[in-house]
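Visitor: Could you put the whole structure together from the sequences, leaning on the hints where they help?
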Amino acid sequence: MAGDVGSIPELDQQKYDSDQQVKIICLGDSAVGKSKLIERFLLDEYRPQQLSTYALTLYKHVADVGNKTVAVDFWDTAGQERFQSMHPSYYHKAHACIMVFDVQRKITYKNLANWYKELREYRPEIPCCVVANKIDADLKVTQRSFNFGKKQGLPFYFVSAADGTNVVKMFRDMIKRAVDYKQNPSDFMDEVLQELESFQLEKMEENAEAEDEEQKSDQILSLQ
Amino acid sequence: MRFQAKRCGVQFSPPSIILIYQQLDTNKVRKRIIPVRNFSKYSDYNMAAERLKNHPRHKDYLENVSQGQLEKLHIILRDHLQGFSLEHSLASFHLDTDEDLNKLGDDELARKKGQMDELFEKNRKHKDDPDFVYDLEVDFSKPTAERCSWDEESEDDF
Ligand SMILES: Nc1nc2c(ncn2[C@@H]2O[C@H](COP(=O)(O)OP(=O)(O)OP(=O)(O)O)[C@@H](O)[C@H]2O)c(=O)[nH]1
Ligand SMILES: [Mg+2]
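Those protein sequence lines, which keep their order, are chains P and S. Be aware that the first sequence starts at 1, since it is given in the UniProt record's numbering, and climbs by one per residue. Be aware that the second sequence starts at 1, since it is given in the UniProt record's numbering, and climbs by one per residue.
It is possible that some hints are incorrect.
Calculated cross-link-like contacts (lysine to aspartate or glutamate; reagent style DMTMM-like; alpha-carbon spacing at most 20 angstroms) [said to hold, decoys possible]:
| no. | chain 1 | residue 1 | chain 2 | residue 2 |
| --- | --- | --- | --- | --- |
| 1 | P | LYS176 | S | ASP98 |
| 2 | P | LYS106 | S | ASP96 |
| 3 | P | LYS150 | S | ASP151 |
| 4 | P | LYS150 | S | GLU152 |
| 5 | P | LYS93 | P | GLU121 |
| 6 | P | LYS15 | P | ASP44 |
| 7 | P | LYS60 | P | ASP138 |
| 8 | S | LYS103 | P | GLU81 |
| 9 | P | LYS176 | S | ASP135 |
| 10 | P | LYS117 | S | ASP151 |
| 11 | S | LYS142 | P | GLU125 |
| 12 | P | LYS93 | P | GLU45 |
| 13 | P | LYS15 | P | GLU81 |
| 14 | P | LYS106 | S | ASP151 |
| 15 | S | LYS113 | S | ASP98 |
| 16 | P | LYS140 | S | ASP139 |
| 17 | S | LYS113 | P | ASP138 |
| 18 | S | LYS113 | S | ASP135 |
| 19 | P | LYS169 | P | GLU45 |
| 20 | S | LYS112 | S | ASP100 |
For the record, the hints were derived by calculation from the structure and aren't laboratory data. As the structure is a prediction and not an experimental result, all values here were calculated from the model.
Guide: In structure tokens, the structure reads:
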């Protein structure tokens, strides 16, 4: 569907079609703590692969989900605006998305709307969650409710990459959801549904046109 | 630990890091001047700070001075060598929570992150800490959470 827009010559993204591979992307503004969160989850399990031209760091991880072993690639992206044109390759074939904001900076929360909108243009159905990071800076924020994503039913996590609160839980949940999604991709269903819908729309338009014509002929009739 | 760092600063000429510290056995407060050598306006402040932090003659004194703080002092030195004023350097460290950091270049962003690192390091639990819990979980779900004021304007966006 996305054609070539998502291709990065250095990376084989075909592998994400295989059953044992999932791709999870981390999105959010600059300095909200995306990289620190992944590092906290993986500790120093692996040396990441840096692709600086794409403002991308790739972390590999192996997880057991149920009785299956899956290879998880975390795509750690950069928030900086000058890498905007790279975004399609981040979204391409992703199976889940972790959206992060910084509880100390309102602007990063407000910007979630933009990140989410863009994500949905490319991946209308993949599992996604909202992560409030840096709660160690001010624990009081955890008494507040943040409503972004409530309507869309996105799970919400209060976390701290510094002290580790809920980091592992959040990543494990998202890996599981990515794997579930992979086994049961609803994006495909969506496409079929959309086609059905547009098909019906066309039919309705045809009918509407026919009615219009009738009206016109009525008018002509009445003019005569 | 034998030395408790009290304050740490920078001197432009000759380029040096100044450390005020307390000698813990005698409680005496002393000043140590650490010359910064081989540091030009093109040098990597990250590496320079790291080198200093691990310097065999100085590292005991710098034990409780963070890497971030040392980086900052080297940035100020480098800015000075590049002809920027001290005010400029200090402003670039200032964290304005309303500023959109997505618009910054690498160097400016690194400065802001350096600033954030102070709290990060302070609150950080390391995996070698005795009370480290890898999968620490805390349930914050409350039946009566206050509505967040950040949601109040432009509700429609969401
Ligand atoms: N207090 C506190 N600070 C944090 C936490 N997580 C990250 N930080 C600070 O935020 C800074 C930025 O974190 P990064 O992980 O580099 O942010 P990022 O989202 O990857 O940023 P980009 O890659 O530039 O888009 C770090 O240098 C830390 O100082 C946290 O949980 N608590
Ligand atoms: Mg990052």
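Visitor: If any of the earlier hints don't hold here, list their numbers in rising order.
Guide: 1, 6, 7, 11, 12, 13, 18
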